[in-house]
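Student: Each chain is listed here by its residues.
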Amino acid sequence: AQSVTQPDIHITVSEGASLELRCNYSYGATPYLFWYVQSPGQGLQLLLKYFSGDTLVQGIKGFEAEFKRSQSSFNLRKPSVHWSDAAEYFCAVASGGSYIPTFGRGTSLIVHP
Amino acid sequence: DVKVTQSSRYLVKRTGEKVFLECVQDMDHENMFWYRQDPGLGLRLIYFSYDVKMKEKGDIPEGYSVSREKKERFSLILESASTNQTSMYLCASTRPGLAGDTQETQYFGPGTRLLVL
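Those protein sequences? They're chains Z and H, same order as listed. Residues in the first sequence are numbered consecutively from -12, following the numbering used here. Residues in the second sequence are numbered consecutively from 413, following the numbering used here.
Do not take every clue at face value.
[Stated by the list, open to error] Lysine-lysine pairs mimicking DSSO-like chemistry, simulated, CA-CA at most 27 Å apart:
no.: 1; chain 1: H; residue 1: K430; chain 2: H; residue 2: K467
no.: 2; chain 1: Z; residue 1: K36; chain 2: H; residue 2: K425
no.: 3; chain 1: H; residue 1: K465; chain 2: H; residue 2: K483
no.: 4; chain 1: H; residue 1: K469; chain 2: Z; residue 2: K36
no.: 5; chain 1: H; residue 1: K465; chain 2: H; residue 2: K430
no.: 6; chain 1: H; residue 1: K467; chain 2: H; residue 2: K483
no.: 7; chain 1: H; residue 1: K425; chain 2: H; residue 2: K467
no.: 8; chain 1: H; residue 1: K469; chain 2: H; residue 2: K430
no.: 9; chain 1: H; residue 1: K483; chain 2: Z; residue 2: K48
[To be verified] If you want the ones that stay clear, here's a sample from chain H, every Cβ over 12 Å from chain Z, calculated:
no.: 10; residue: L453
no.: 11; residue: E468
no.: 12; residue: D471
no.: 13; residue: R525
[Stated by the list, open to error] Here are the in silico distance ranges between beta carbons for each label pair:
no.: 14; chain 1: H; residue 1: I472; chain 2: Z; residue 2: L33; range: 15 to 25 Å
no.: 15; chain 1: H; residue 1: K465; chain 2: Z; residue 2: S1; range: 46 to 56 Å
no.: 16; chain 1: H; residue 1: E474; chain 2: Z; residue 2: D41; range: 23 to 33 Å
no.: 17; chain 1: Z; residue 1: A4; chain 2: H; residue 2: S492; range: 27 to 37 Å
no.: 18; chain 1: H; residue 1: E468; chain 2: Z; residue 2: E53; range: 26 to 36 Å
no.: 19; chain 1: Z; residue 1: S71; chain 2: H; residue 2: G452; range: 17 to 27 Å
no.: 20; chain 1: H; residue 1: K425; chain 2: Z; residue 2: S95; range: 19 to 29 Å
no.: 21; chain 1: Z; residue 1: E51; chain 2: H; residue 2: G452; range: 20 to 30 Å
no.: 22; chain 1: H; residue 1: K425; chain 2: Z; residue 2: G28; range: 14 to 24 Å
It is worth saying that the hints were derived from the structure and are not from the lab. Don't be surprised by glycine CBs; every beta carbon is placed ideally from N, CA and C.
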């Protein structure tokens, strides 16, 4: 069965600093990987996704993620964090057989001014 | 733009009440999903539906049922609400097909925060 681990429950960064949120997955074949963001009181919004091809994926709001098969990771990065990036971030994995993604437990990003 | 709407943003119900949570999508998506979200647990799948009148159990279906009478509408029903069903409920929809073929992703509604007293 597929699974996702987000090792960090909370991450605190200063505004303008770089950011990396970790995501590790467990799945035998090539997974389909997603990062979603949830602002307070809102639903989830897709930041980016990986299905195949270039392992460095660009998303919205200046985010990117890199798929590393050897490490079973799909970490989310942003070079300079803005206060508006404070939110909950979810990594998700889906298999090729059917579209039912499994979500990680989320990482809460706190941005200090 | 895909729009997924949920009938209520906030609900307060009493233990034992029957609760209906409604979700409507306007993009003719075949697949619809209900999740609950709890702090530290992420999103857990309750039920999903891949067609009208079709439903499949997710990871935590106990205490819930669903109804899909029309393609655009997917209802989550708590037959007898209990305090441990206090949570945020999220609805999502997507087109069918293998994720790799179609590169489909889920579109989420804003969520319903349910408090059961």
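Student: Run the structure past the numbered hints and jot down the numbers of the failing ones, going up.
Tutor: 2, 9, 10, 11, 12, 13, 16, 17
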